[in-house]
Amino acid sequence: MDVLSSLMDGFATALTPMNLLYALIGVILGTAVGVLPGIGPAMTVALLLPVATVLEPTSAFIMFAGIYYGGMFGGSTTSILLNTPGESSSVITAIEGNLMAKAGRAAQALATAAIGSFVAGAIGTSLLVVFAPIVVQFAVSLGAPSYFAIMVLALLAVTAVLGTSKLRGFASLGLGLAIGLVGLDFVSGQARLTFGLPLLSDGLDVVVIAVAIFAVGEALWVAAHLRRTPLQIIPVGRPWMGKEDWKRSWKPWLRGTALGFPFGALPAGGAEIPTFLSYVTEKRLSKHPEEFGKGAIEGVAGPEAANNAAAAGTLTPMLALGLPTNATAAVMLAAFTQFGIQPGPLLFQNEGPLVWALIASLFIGNFLLLLVNLPLAPVWAKLLRLPRPYLYAGILFFATLGAYSVNLQAFDLMLLLVLGALGFMMRRYGLPVLPLILGVILGPRLEKQLRQALQLSAGDVSGLWNEPIAVVVYIIVALVLLWPLAARLWRARRPRTGGLVMAGGPAVDGPAAGPAAAPSVESPAVEGPAVEAPADRGPEAGHRRADATHANHGQEKS
Amino acid sequence: MTSLASRLKGRSELGVAALLGAVGALVLIDAARLVVPYSQSDPVGPKALPMIVGGLLLICAVLLAVNVLRGGSGEAEAGEDVDLTHPSDWKTVLPLAGAFIANILLIDWAGWVISGTVLFWGSVWALGSRHYVRDGLISLALALLTFYGFYLGLGIALPAGLLEGIL
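Quick note, the sequences are listed as chains A and B, same order. Using the numbering used here, you'd call the opening residue of the first sequence number 73 and step up by one each time. Using the numbering used here, you'd call the opening residue of the second sequence number 321 and step up by one each time.
A couple of the hints might just be wrong.
[What the hints assert, rightly or not] Derived pair list, reagent style SDA-like, types lysine to any residue, alpha-carbon separation capped at 25 Å: (1) A:Lys238 x B:Met371; (2) A:Lys520 x A:Ala530; (3) A:Lys323 x B:Pro407; (4) B:Lys411 x A:Lys238; (5) B:Lys367 x A:Trp537.
No lab work stands behind these hints, which were simulated from the structure alone. Quantities reported herein were computed from a predicted structural model and do not represent experimental measurements.
Assemble the whole structure, with the sequences as input and the hints as a guide.
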């Protein structure tokens, strides 16, 4: 009951006209940046940080929440209307979504994505309301050793589980931690990595780092490889769904939500794995398996719901533990610090009204998104035609403005360029950016917990595992690190198990699957356990054929 | 058989390993000069984490170099507007970086309205637009709007520079 009344208070705060306006601004801005290539919600929140400091923290976070959810909505529009998903979480949606659009069912694809996102967002946010306080209750009893362990887990999991190359993930993490070291040591007051520059002694501003890596790096990278031929954008009217579409969509929505939320809430979170699992599940359960590969609505409904539920799930560790697991959550966490708010389990206690208003605004934003986006889809589609020189020049312009307005010093712009070049290099050589951002943001907090933990034990190393939770977490860390090894052994012993292997490593079982092992977009089709009939009907675009390779024949579900 | 030169060809990714190594070494050297006073209240000291991070970077540098020499390579990031079939187009990137640097040099002296105009106009030009007049007008409008927007709306006074007194 206590939770409910707090939530009602949250709604009362979030529903004031001013905050409602910020929610609307956030939702529209979020969808726009989600639709636009080259710019995403994390970058937008980072750009708005300096501007938002003049707002009430509550209003600022209500706006950020709108941007966060809006970005997910916008991303699906792009991946359905263009066959080139911008974010890894919408790769799966693009597979069937784009095929539906090509078959003249863009309106239905957009509708099932939008309504599915709404359903998943509503359920996911409700689960957040239920679980966050439970996690907090459990978390307030934890001490520094457990926190240290949990942060180590989050960093390692994000680095080792997501992305294609662990080595490059760790390289990126190392760079992030090194950037996080710059500045005065908070205990001894000694300068670290400042090279005698007084401007560096306060450390690098998170806004500058995030804007440099996300915005400047991206703009430079796209500029180097700008597509000169215009993209094929499928024209679309107002999204709508027929009775049959509803009937085929509602179950995938619910199943997608059930898959998405827990994965989002785990420290290794991410939306790639649940969207992929949802795709595989829907393909197996579908009554129209022959449509997969030609634009099956279930293949859009499930993954989109999973994507949004994962987004809601991610907020659970972010709000309850102060632990971000995706880029937007990481930047929002930086925003808390910017406002002088200490993230962590005490957040609900110390900043209760703010947190509950934020959660209430998630419900509101989710509803606004549905209201705004169903009629506006054609407008968003037009946004995709924005001339690219203006788009990328605009990103650079606002990146500069945002980074400069933090401290009004040209020095920050130099940092912006240097770190932007780093971002460029990382994109060129396949270093994932998320571990870097998490390293920058979590690194200093990790060090603080480490020093606190050993201070309590007077330097005895066993102080790191003298709490049971810490021990449990270290065991999980070991499992995460050893998992690929174990999986490989398992597969070596039973070579013909396909099925639900992690999305990261394309599980090529033996030579039979050889030719089918192709770029990531195809892998779901390859790994999906074959449904009774091989979906070999449509002579669809070449890459669909992966589905019909003999590797899938006769393979029972594991 | 394979000479060093041929093995190095097309392995620009070794530069990444070199960068990681350099940063790692820098972190370690910087950490080495920190003084760690013995203290009951801070047994870990300011040195521990930099040492770990420096070590991690050095290990990554070595492993990455080995990986690249054995033929591994990172996957370049794809995107809506990214066409990876052609090589990096430095004729676009360098002018773009030039516009960015021009802004850094101009912003404190000439002020945001001028430097921002230069930045946007230069970037649009570098990215391939050739509507000189229209782009110029858009650039100026953007710079002016943000200048007044920040001043009136947010109370942040961007530098007026040369136009001090006019704006």
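Each hint tested on the structure:
With a CA separation close to 21 Å, the supplied pair A:Lys238 and B:Met371 stays within the 25 Å bound. The straight-line distance between the Cα atoms of A:Lys520 and A:Ala530 is roughly 15 Å, inside the 25 Å bound, and the hint therefore holds. Restraint check for A:Lys323 and B:Pro407: not satisfied, since their Cα atoms lie roughly 45 Å apart, outside the 25 Å limit. Taken as a hint, the B:Lys411 and A:Lys238 pair is broken in the structure, with Cα atoms around 33 Å apart against an allowance of 25 Å.
Distance check on the hinted pair: B:Lys367 and A:Trp537 sit about 21 Å apart at the alpha-carbon level, within 25 Å; holds.
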